[in-house]
Each structure stands twice: as C-alpha cells, then as structure tokens.
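> Protein chains in written order, with the numbering used here: chain X, 2 to 273; chain C, 4 to 288.
In case anyone wonders, no lab produced these hints; they're calculated from the structure.
Bear in mind the structure is a predicted one, so any value in this text is a computation, not a measurement.
Heads up, a few of these hints could be off.
Stated by the list, open to error - Which bits of chain C does chain X cover? Going by a derived footprint, with three or more residues having C-beta under 8 Å, they are:
hint : stretch
1    : 111-117
2    : 178-185
3    : 196-210
To be verified - With a straight-line Cα cutoff of 25 Å, these simulated SDA-like cross-link-like pairs (lysine to any residue) come out:
hint : chain 1 : residue 1 : chain 2 : residue 2
4    : X       : 113       : C       : 97
5    : C       : 274       : C       : 104
6    : C       : 197       : X       : 121
7    : X       : 113       : C       : 107
8    : X       : 79        : X       : 147
9    : C       : 274       : C       : 97
10   : C       : 197       : X       : 175
11   : X       : 79        : X       : 234
12   : C       : 283       : X       : 79
Idealized CB from N, CA, C, for every residue including glycine.
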Amino acid sequence: MNAVSPIDAGRPVQAASPAPEPLLRTQNVTLRYETPGAVITATRGVSFDVNQSDRFVLLGPSGCGKSTLLKAVGGYIKPSEGTMTIKGRTIQRPGADRMMVFQEFDQLLPWKTVLGNVVFPLTNARKMSAKDAEARATHYIEKVGLADVLNSYPHMLSGGMKQRVAIARGMAMEPDILLMDEPFAALDALTRRTCQDELLRLWEDTRFTVLFVTHSIAEAIKIGNRILLLSPHPGRVKAAVSDVDTTNIADGSAGKLEQQIHDLLFNDAVEG
Amino acid sequence: MSAMIHLNPDAALSAGPEIEPRRMGTLEAIWSNTAFRKTMILVLLAVIWESYARYLGNPLLFPTLTDTIKALVSSIASGVLPSRTWASLKILAIGYSSGVLLAAVLTIVAINTRLGTDLLETLTATFNPLPAIALLPLALIWFGLGIGSLVFVLIHSVLWAVALNTHSGFRSVSQTTRMVGWNYELRGLRYVAKILIPAAFPTILTGLKIGWAFAWRTLIAAELVFGVSSGQGGLGWFIFESRNMLNIPSVFAGLLTVIVVGLIVESLVFKTIERHTIQKWGVQS
Numbered sequence: 002m003n004a005v006s007p008i009d010a011g012r013p014v015q016a017a018s019p020a021p022e023p024l025l026r027t028q029n030v031t032l033r034y035e036t037p038g039a040v041i042t043a044t045r046g047v048s049f050d051v052n053q054s055d056r057f058v059l060l061g062p063s064g065c066g067k068s069t070l071l072k073a074v075g076g077y078i079k080p081s082e083g084t085m086t087i088k089g090r091t092i093q094r095p096g097a098d099r100m101m102v103f104q105e106f107d108q109l110l111p112w113k114t115v116l117g118n119v120v121f122p123l124t125n126a127r128k129m130s131a132k133d134a135e136a137r138a139t140h141y142i143e144k145v146g147l148a149d150v151l152n153s154y155p156h157m158l159s160g161g162m163k164q165r166v167a168i169a170r171g172m173a174m175e176p177d178i179l180l181m182d183e184p185f186a187a188l189d190a191l192t193r194r195t196c197q198d199e200l201l202r203l204w205e206d207t208r209f210t211v212l213f214v215t216h217s218i219a220e221a222i223k224i225g226n227r228i229l230l231l232s233p234h235p236g237r238v239k240a241a242v243s244d245v246d247t248t249n250i251a252d253g254s255a256g257k258l259e260q261q262i263h264d265l266l267f268n269d270a271v272e273g
Numbered sequence: 004m005s006a007m008i009h010l011n012p013d014a015a016l017s018a019g020p021e022i023e024p025r026r027m028g029t030l031e032a033i034w035s036n037t038a039f040r041k042t043m044i045l046v047l048l049a050v051i052w053e054s055y056a057r058y059l060g061n062p063l064l065f066p067t068l069t070d071t072i073k074a075l076v077s078s079i080a081s082g083v084l085p086s087r088t089w090a091s092l093k094i095l096a097i098g099y100s101s102g103v104l105l106a107a108v109l110t111i112v113a114i115n116t117r118l119g120t121d122l123l124e125t126l127t128a129t130f131n132p133l134p135a136i137a138l139l140p141l142a143l144i145w146f147g148l149g150i151g152s153l154v155f156v157l158i159h160s161v162l163w164a165v166a167l168n169t170h171s172g173f174r175s176v177s178q179t180t181r182m183v184g185w186n187y188e189l190r191g192l193r194y195v196a197k198i199l200i201p202a203a204f205p206t207i208l209t210g211l212k213i214g215w216a217f218a219w220r221t222l223i224a225a226e227l228v229f230g231v232s233s234g235q236g237g238l239g240w241f242i243f244e245s246r247n248m249l250n251i252p253s254v255f256a257g258l259l260t261v262i263v264v265g266l267i268v269e270s271l272v273f274k275t276i277e278r279h280t281i282q283k284w285g286v287q288s
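Just chain C, same shape as in the assembly (with noise of 0.2 Å):
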C-alpha cells in the first residue's frame, strides 16, 4: 500500500475575496470616533462649570467659563499673555535642553565604564526622589533672583528622569542588537548614536516625555515665587500677579494657558516625533 493524493477539483475556482469592508451606520461611526467622544466631554465640563458658577454668583472665589474667557482674550490681545508665555518658554528650553545634554553625558559615561554606572545609579536613586522645586531656597541663595535660579531647578527636575530611562534603554538593548552593531565596525560615539541610541529610542523618548512634564510643572510653580528680572516674568508670575490684583478671570486663564501649552506639547511635538519614529518602526513599548 503506496500513499495517494487526491487533488480537490475545486481547489482553482475563485473562493471569493478574503476581505471585504464591514459598513457602520452614521450615529455608530460617530460614536467610534475617539475625539468625537472627548470633545462632548469637555462641553458638558463647560457647561457644568459655567451653571455652578452662574449658580454661586461669586466672581472672586470662581469666575464663569464667559469671564475668563473674555479675559483671555483680551490678555492675548494686549500682548501680556503671549509675552509671559514666550518668556517662560524661552527659560523653558534653556533649562530642558541642558538638563537632557547633562543627561547624554552622564548615561554616555554610564555605559562605558562600570564606575559610571555606579555613579549613576547612585545619583539617580538620591535625587530623583527630590522635588526640584525644592530645591528653589537654596537656588535663589546661590544664583540670586533670576534665570540662572530657575535653569537650575529645571535642570534638576529633567536630568534624573531622561537619565534613568535613557540608561534603562541603554540596557535593554539586545544582545543581537548590538552584536550587529560590532559586526559592521561601529565602536565608540559611532556605535552609541548609530546603535544604542536608536535601538533604545522607545525608552529615551518616554524619559523626554517625563522630563518635559516635570519641567513645566516645576518651572510654572516656580515662577509664583518671583519675576524673572523688572516684570518680565513668565506665565507663574502672571497667575500671581492676577491673584494678588483679585483678578480672578485672569488667574484662570494663566490656568488655562498652561493646559493648552501643555497639551500642545505632549499631542503635537511629541506625538508627531512618535508618529516619524517608533509607530512607523513597529516599536512601540
């Protein structure tokens, strides 16, 4: 007894597509769409805070949803607001951007030698734990009442977070991977920005994500303790200022302002470097 095959006649007839596009009704295709579903969350937030504080009728303790924005705008329109804002954003990338170079230098020498990962590990466990905020007394004793205070503290609160997650990337980078890299000759700088860097860039970016995060937060509340330099101080200083004139509409909008800035940063900066980088890599964590 041999074995037989028996060809199914059938098997070169045409089995009909394998996908077909499923159809949803209008309302069910509304209702899938995620930013459908936040946007009416946010206006029945507005209309809840707009009916309580219409409810409450006190302007100085919680000011309606129409005052501040008419404060607002007519801040955007003197040119206070955009002012502040740039001024605090212009301290803002100071202090980021060195905060994230200390950061390269530190996880650089981290990698290569295993006193340097000591060192890090060391100073990542004892500061990181520290609100960078802080840290301002001391600051304001050793740098004075000015910028160079403030980089200081930002420094402080983006440093530990990118070193951590870069150095953590760092390490988790394949054993293939990096073998690869010394197949093709890379050593040294070559091999951490055209390897490491890369391979771990999943890792790094959420550290940049983090540090930004902190960075605003930390820069914002210190910002209420003073003015940078004769009035020209940031977006903290110009909720302060508004609370101490019982400008109420306005200290909500500074409020505001620091939302939207927020929200701008983390949906289109960083969610379009995702979108170039590790969702087009399939590497999403």
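Extracted from the complex, chain X is given alone in its bound form (with noise of 0.2 Å):
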C-alpha cells in the first residue's frame, strides 16, 4: 500500500519501516541564497531521512527549491538554518561520496573520452591506480550498455548516451548516495523512457542509493520507491509517499497516485 501524508512542517518524515540509522539525514533545513539586490529563501524547515537503497525522489513545480536541495546534499550551498548529515558526518563540501549527475549535456568533459570521463574521478578522487580505474570504469561503461563508444569524445554521442555515460560515471565511483538533478529533463520523450528503465534495471542489480528530482509526477512515480512532495515559494515538505513502488500501471493504481499528486500540486497552486 502506498500511502499520501500530509506533514507538518519541521517534522522529520519517518521511515516505512524503522531503520537503525538514516544514510542522509536532513533536520529542519533552510536554504537561502543571495542574488544583487535580495536574499531568497528556497527552502524553508525542510526535513526527511533516505534510507540505504532508496530510491527518493524529491517532486515539485518550479520555485520549490528541490535542486536546490539538492545541491545542498551535494556540499554546494551550506544551509543557513538545520543541518545535513551523511552517516553521520556534517556535509561541509562538495565530495565524491555523493556523485551528481547533472540535466545539462555538458556535465561530460569533451577533452576526454567516454572512458577518460569515466576514469578521471576514480584516479583523482579515489586515488585508484590507472589500470584498477579502467578496468572498474569499463565494466560500468559496459552496463550502460555503451561498450562500442569507450573511446568516443563526447561530442559524437547523442544526449541519451551522455546521460548515460554521467550516470556510469556516478556509478563507477559507487559512492554513499547518487545525486541526480532532473537528468533526463532536456531528452527526447522516447529516450526518456528508455533511459528511466535503465535506471531501474541498474538499481535491481547493485541497489544504490539515489536521491532524485524531477518536476514531472509520472517519473516521479516510475523512479521512486519514496516521494516527498514540495510546495513552492518557500519549498517547504506537502507530503511524503511511501511505497511508490507498489503501484503499477497495468491496475491503474499508478494512475490514481498520480491524480492524488496532480490534486495535491493543483490546489497549493490554487491557494498559493
């Protein structure tokens, strides 16, 4: 069963089932940032524990500071108010124990090939001999499925098999949690969906964690196993679903979550 709540503010949202300790942990969180001429509240009190093989998925319309959330996660904006811990630790910067993936094409480096690309962090931030990195980094190449491209500059590749290369990337590293901000936004609807089953079929077989965003529900309900819904202007939590991952589109439960969803988005948008 999967189950809407609505939350009150501030309050951490609870596990399905009871974890000893939380992998990301995110207590009352407040992001602020500065432009010229004001300070702009993204997010206010946010809250909510990811759990080891989650597949968390942070759903809102524009304004609702999920990215950037996320980018907090990833030690690139430090919250003003609350704290971010990773096991444990306070997230103070950007690290490779949380490897982004990214929507925009040019996250690939074009001066390196599609192995290079893959290669360079594990050499670099893991401090992996050369041919230990290759050889992890041709194996996760390969389950992407991209063996035929390991020495094409990223340039010659379509958008799908650069995000594709992103996310072997952020795999090959195997790092505590897998940041993915919107990373099959800018794809054709076809590759899209292709893309979105590939993520699945690699999480069946390794069950990282990921902590994802996207704007759009139905993705929201394919990708995730847990979804926490933000309202915009401040972002603050609307709700929290669980077991997303129960549904399924053949008995059109998929289909109902989503209205649910549609309905709890509308009215905010109504209201607010």
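Dock chain one against chain two, each of which comes alone in its own frame, and use the hints as you go.
In structure tokens, the structure reads:
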C-alpha cells in the first residue's frame, strides 16, 4: 500500500520500515541564496531521511527549491538553518561520496573520451591506479550498454548516451548516494523512457541509493520508492509518499496515485 | 471502440542504403580543393609581380620576383639569412614564453580573488591599447641596446592579449563543469590545471595565437631599430641593413622570410595543436 500523508513542516518524515540510522538525514533545513538585490529563501524547514537503497524522489513545481536542496546535499550550498548529515558526518563541501548527475549535457568533460570521463574521478578522488580504474570504468560503461563508444569523445554521442555515461561515471565511484538533478529532462520522450527503464534495471542490479529530483509526477512514480512532495515559494514539505513501488500501471494504481499527487500540487497552486 | 495497430507488412524488407557516395567530375573535384584554389591565387599574384617589375624596370624601387628569389637563395646558401632568422626566433621564444608565464600567474591570481580580477581588468584595459613598439625608446633607456629591451617589448606585446583571453576563457567555463570539478574533490591549482585550463582551452589558444602574431610583428619592427650585439642582429636588422646597402632584392627576400615564418607557425604549429585538441574534442568556437 502506498500512502500520501500531509505533514507538518519541521517534523521529520519517518521511514516506512524503521531503519537504525538513515544514510542521509536532513533536519529542519532552510536554504537561502543571495542575488545582488535580494536574499531569496529557496526552502524553509525541510526535513527528510533517506535510507540505504532508497530511490528517493524530490518532486515539486518550479520554485519549490528541489534542485537547491539537492545542491545542498551535494555540498555546493550551506544551509542557513538546520543540519544535513550523511552517514552521521555533517555535509561541509562537495565530495566524491555524493556523486552528481546533472541535467546539462556539458557535465561530461569534452576533452576526455567516454572511458577517460569515467576513469578521471576514480584516479583523482579515489586514488585508484590507472589499471584498476580502467577496469572498473569499463565494467560500468558496459553496464549502461556503451561498450562500443568507449573511446569516443562526448561530442560524438547523442543526448541519451551522454546521460548514460554520466550515470556510469556516478555509479563507478560507488558513492554513498547518487544525486540526480532532473537527469532526463533534456531528453526526448522516447529516450527518456528508455533511460528511466535502464536506471531501474541498474538499481535492481546493485541497489545503490539515489536521490532524484524531477518535476514530472509520472517520472517520480516510475523511478521512486519514496516521494517527497514540495510546495513552492518558499519550498516546504507538502507530503511524503511511501511504498510508491507497490503501484503499477496495469491495475491503474499508478494512475490513481498520479491523480492524487496532481490534486495536491494543483490545490496548492490555487491557494498560493 | 478500442485503438488498433496495423503493422506494415513491408517494414521488414530492405529499404536500400541510407547513405550513398556522390560522384564528382575531375574538374569539380579539383576546383573544390581549397589548397588548389589558393595556390592558383598565389601563382596569379606572382605573375602580376613579375610582369609589373619588368615593365617598371627599376630594380632599386621594385625588383622582379626572379631577382628576389635569387637573392633569397644566395642569402640562404651563404648562411646569413638562416642565422638571422634563428637569432630572431631565439629572442621571440624567450619573450613569448616569459609573457605567457606572466599571463598565467596574473590570471591565476585573478580568478582566485576579486581584487585580482580588478587588477587584471584594470591593467589589461590600460596597457592593451598601447602598441608594444611605442615602449621601445623607453626600454632602450632602461635596458640598453640588447636582448633585454627586445624581451621587454615582447613581453608587453604578449602578456595582455594572452591574459585577457585566458581570463575570459576561465570565466566562461560553465557552472556545470565547475561543479563536476568540485564533485571530484579537485581544489586549488589542481582544479585550475585539470578543469579550468582544458575547459577554457579554445579561448586560451585564441589568446596564444593573437599573442604570437603581436610578438612576431613587434620583434621585426623593434629589430629594424637596432641589431643585437655586434652584427648578430635578427631578421628585422637584416632587412634594415640590406636597405642601407641598397640591396633591394635582399630586402624583399627578408620580407618574404618574415611572411614564411609567420605562415609556418600559424599553419603548422597552431593548426597541429588545434587538430589534436579542440577539433578532436568538438569544442571549436
């Protein structure tokens, strides 16, 4: 059974099954950033826990601060209030224990081949030997089905292939958590579907933990096992959805959940 | 009523090749060759030169192409022209590399601090419009007749162009690329070397090319004023000396050498670098 539960802001979202220590703990986090003329509050008092092997989705309309939250987990923005810890350590700065997959295609370094792009962080941040890094990189590139383009440069690849290389690069680092910032938003609809299916297949394989940001309700339901629904201006937790993976398209339960989430977001838009 | 799918029974049959080679006639093939067309233009220019000089009949004002080539061959054979060219290139290498090195230091300071950025922007805005050759009289007072003065004006001609381009290249590196670098835990100089420089390389290369062009022109112009240490002057001095001896074909031979060296560096050195970097990476601007 999945359950949509409206939440009081500030109260942590409890895991469906109680886990000893969550992998990522976000407590009462307020994020602000400065523009020359103003200080903008992106999120206020957001709390959530991500457990090992969760496919945790941050879902909300634009302006709900979901990408800003992800960047804070990535260590690019410091919370002005609240705490963020990964495996008990406070997040201070960007690090290879939290690998990012971005929406933009220029996340691949154009001066390195596909293999070079995956090897680079392994030899740099993980201090692996060139030989070991190459073996591991090749393994993960094969996993995303790109063994044929191992020595091609990024500009020769299609958008979907570039995103798969970025995923392979993230996974090869075997990070504590993979942070994905609308990774399929710039792809055409058919490629997006293939990439979503592939991400799920990869997850079945290795059960990595992923924090996924999207503004598509359908994508959130397809990818996630848990969804955190955020309302905009400033971003606050609106609801948490657990056991999303028990829904399926065949019996219409996925469609029903999509409608429920849509209504929640839509009502919010009318009120706000 | 429910949706129906009707499969096309012909879909599995071969639809023929998607891409077929296009045949070109021999003339069309030759004419579409850029190198051929440019060679034709050069040949035409040579013919015009030769016929005008013959018509004019005044070797002191305008020697024929054949006389110029004879002068060129004899100066090369006597070893004068090669040794003068070599002298110029040595000084150029010293000045150019010092200029690039200083530009690197200045830009690295500039990207790390806001005050550094202001410093770089103010300095380039101030000195970039100043032709390096205009500093030569001053340089001669400060450093005397010698390599020092030449290197000083060369540095001035290279530094600002390279620093300006490198800096704007660094600034145009996308936010995503920067975040990727931080994600890899690259910081400080390693971040500059492994992320910023390759990411900004197209712009940096443009700066290096502009710097080279400035330096080569400046050096030849500066050498026209004096020869470095007892007769061991460079190419510019060779041109000046030949003019003083009214050896006009040699003046032309010297000028041709200046052009040829410029072309070689431009089309061999920089084109090769481009082919192995920005063309291969698909980031040509």
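> Any hints from earlier that this structure breaks? Give me their numbers in increasing order, please.
Violated: hints 1, 4, 8 and 12.
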